[in-house]
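Line by line, the protein sequences are chains A and B. When we follow the working numbering, the leftmost residue of the first sequence carries the number 1, and every step to the right adds one. When we follow the working numbering, the leftmost residue of the second sequence carries the number 1001, and every step to the right adds one.
It cannot be assumed that every hint is accurate.
Which bits of chain A does chain B cover? Going by a derived footprint, with three or more residues having C-beta under 8 Å, they are [to be verified]: (1) 263 to 270; (2) 274 to 285.
A few chain A residues that face chain B, going by a derived Cβ cut-off under 8 Å, partial list only [said to hold, decoys possible]: (3) Gly49; (4) Leu107; (5) Gly210; (6) Phe214; (7) Leu226; (8) Gly228; (9) Pro252.
Coverage of chain B stretches by chain A, computed from C-beta distances (three or more under 8 Å per stretch; other residues unrestricted) [unchecked claim]: (10) 1101 to 1109; (11) 1142 to 1152; (12) 1253 to 1259; (13) 1281 to 1293.
It is worth saying that the hints were derived from the structure and are not from the lab. Glycine is no exception: its CB is placed at the ideal position from the N, C-alpha and C atoms.
2 protein chains.
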Amino acid sequence: MAIRAFAATKAGGQLEAFEFEPPPLAPHDIEIAITCCGVCHTDLSLIDGTFFGLGDYPLVPGHEVAGRIIALGKSVDHLRIDQRVGIGFLCGSCGECEMCQAGDSHLCPAQEGICVGRHGGFAERTRVDGRFAVPLPDGLSDEDAAPLMCAGITTYAPFEELGLAPGARVGVIGIGGLGHLAIQFGKAFGCEVTAFSGTAAKEEEARTLGAEHFVASRDPASFAHLAGSLDLLLATADGDLPWAEYSNLLRPRGALWLVGFPSQPISIPGIALMSRRSSVTGSLMGSPEQMARMVQMVAAKGIRPMTESLPLQEVNTAIARVRAGQPRYRMVLSNDS
Amino acid sequence: MAIRAFAATKAGGQLEAFEFEPPPLAPHDIEIAITCCGVCHTDLSLIDGTFFGLGDYPLVPGHEVAGRIIALGKSVDHLRIDQRVGIGFLCGSCGECEMCQAGDSHLCPAQEGICVGRHGGFAERTRVDGRFAVPLPDGLSDEDAAPLMCAGITTYAPFEELGLAPGARVGVIGIGGLGHLAIQFGKAFGCEVTAFSGTAAKEEEARTLGAEHFVASRDPASFAHLAGSLDLLLATADGDLPWAEYSNLLRPRGALWLVGFPSQPISIPGIALMSRRSSVTGSLMGSPEQMARMVQMVAAKGIRPMTESLPLQEVNTAIARVRAGQPRYRMVLSNDS
């Protein structure tokens, strides 16, 4: 049965109602009735044709999917009909390379993305490889789960990977779709979180989310007093930041970790890294195994994305609001069909 | 008794014979009769007054010291008279901060350097804190040990810190004082080493030192075929390299590691790091504990610095040769007095 969806038919265009025949249900596939799908800035880049050359039209965006399993391929034995699951951008990998064998399927050079060469989650249903589905715990609603599939895992993974001890000092640059989750994860991992935002009015909210300190960071002079103090500085903003000044905030062995997309190459004096054995790294997404651990932590610790919801039919309104930076903080499309 | 040494009395000047009274032998100090001292590019920067503002005149350079203990402070109980030891740049730390407590005294914010606020190793004797002395094993000569105290530890530490498994793929950019040691350490750690040099004529030597592959790297096109292949890319050259192209050679989770001093800030597209969860880091020196493990490995594996030796009295000739890049590869001053 054809799947009803919304698609961009040309770069930057409005989304239009679109129907397509799903591919056959392969042995490892599952079919999901989508209840919620988040709207990510990456969806806008895909619609606009500015996401590193990826995406073809017609293009159904959406890579923050939550829903219910309605069909199982014949080889799927770890999931069941009616089970609630989430799907992020990653929906395929070779399974054979060193990355896949090490549990790093999200780093597989042959990885497949849900909106690249197949349609995404702005739709009523989807068929995807069940090995990339994340079972959702009871304590986590579909609306809350959806943004975790991209914004959540992207901000969760650095904490898990660094293995920060409780008490570690963490900075989060930017309080938005990613940053408001990063602050909560930082608190849940027991870290002392400093939030950096160009918007001074966000201080109260940052503290409510779990930040112990707040810096109104329009001017590097505002954070110079934090030099040498941070184990992790998570950059969730996507602008061209004063990287040299920010890198100066790292403690020895500290990491500046990019999770937003800097608009320009980042430029840092080598001595800033060498003298402290500090590093600059970055990541996108995480592995399915990390996602599974994330949703358990979210349910256990009461972490909640701040979301705004609109029906899927109002997808163009939703996109316009995301383009304007209006949602506080994550837009979710809900499917009533 | 006064110590005879050679000192720069002004920025960029020739070194001149110089005598100074050593400080009193403190409880943790040892006095060393210096047999050999390496000449490092950092010494030239110190002489020239261009090393990040450090150094005062008269300045006795030299931070690659090997020699024999001739006096012990009253609290030194882990060393003995006549024992052979080495001393690098690091000769003091607070002992109390988190870095020191974690064995990272070389990252202590209050660390003390041998040529900064005290005189260095272009001298017949020196008094330093014995806790920063590295006992030298029998299989390692003083002339070979001296360059290991800076060039050696700087290139050894990244291998130890990354914990690379045998078979890991390592690139070494630059075959010089640092690079010729890095290739040998890479081989000793069981890695598959690719040497990058702008000088095609160094291929045979690189292979003799242990490199399995060689790239004449004047043009980034020469190494584009290595994209996504390296676990560690050690940059020992001090120029402004094509960082974006080099970072593209990293495998997922790979590290570009600076050990030379880039002349300009390094500039890398964020997506290059994010898409592979790769990193840029850097380091100077290593801890005394790492140095102790290094000299054991060097002795066990037959690693040998390639050195050229001149008497200490010919220090200005030695410096001129280092400035001109003539030694193959490390200049060592020997003390016959």
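Outcome, coverage of the segment 263 to 270 of chain A by chain B - at least 3 residues whose beta-carbon is closer than 8 Å to one in that chain: holds (count 6)
Interface restraint verdict for A:Gly49 against chain B (beta-carbon cut-off 8 Å): Cβ of A:Gly49 sits 16 Å from chain B, so the hint is violated.
Restraint satisfaction for A:Pro252 [CB to CB of chain B, less than 8 Å]: At about 4 Å, which falls below the 8 Å cut-off, the nearest Cβ of chain B leaves the hint on A:Pro252 intact, so it holds.
8 Å C-beta test of the segment 1142 to 1152 of chain B against chain A, three or more residues: Since 0 is below three, the answer is violated.
8 Å C-beta test of the segment 1253 to 1259 of chain B against chain A, three or more residues: holds (count 4)
Coverage criterion applied to the segment 274 to 285 of chain A (partner chain B; beta-carbon cut 8 Å; 3 residues): holds (count 11)
Closest C-beta approach of A:Gly210 to chain B relative to 8 Å, hint status: violated (23 Å)
Whether chain A covers the segment 1101 to 1109 of chain B (at least 3 residues having a Cβ closer than 8 Å to its Cβ atoms): Contact hint for the segment 1101 to 1109 of chain B vs chain A: holds, 3 residues under 8 Å.
Chain A covers the segment 1281 to 1293 of chain B, three or more CB atoms within 8 Å, holds or violated: With 4 residues in contact (Cβ-Cβ under 8 Å with chain A), the coverage given for the segment 1281 to 1293 of chain B holds.
Chain B contact restraint on A:Gly228 - CB to CB distance below 8 Å: OK, holds: A:Gly228 within 8 Å of chain B, min 7 Å.
Interface hint status, A:Phe214 versus chain B (Cβ within 8 Å): violated (24 Å)
Closest C-beta approach of A:Leu226 to chain B relative to 8 Å, hint status: violated (14 Å)
Hints 3, 5, 6, 7, 11 from the list above are not met by this structure, while the remaining hints are.
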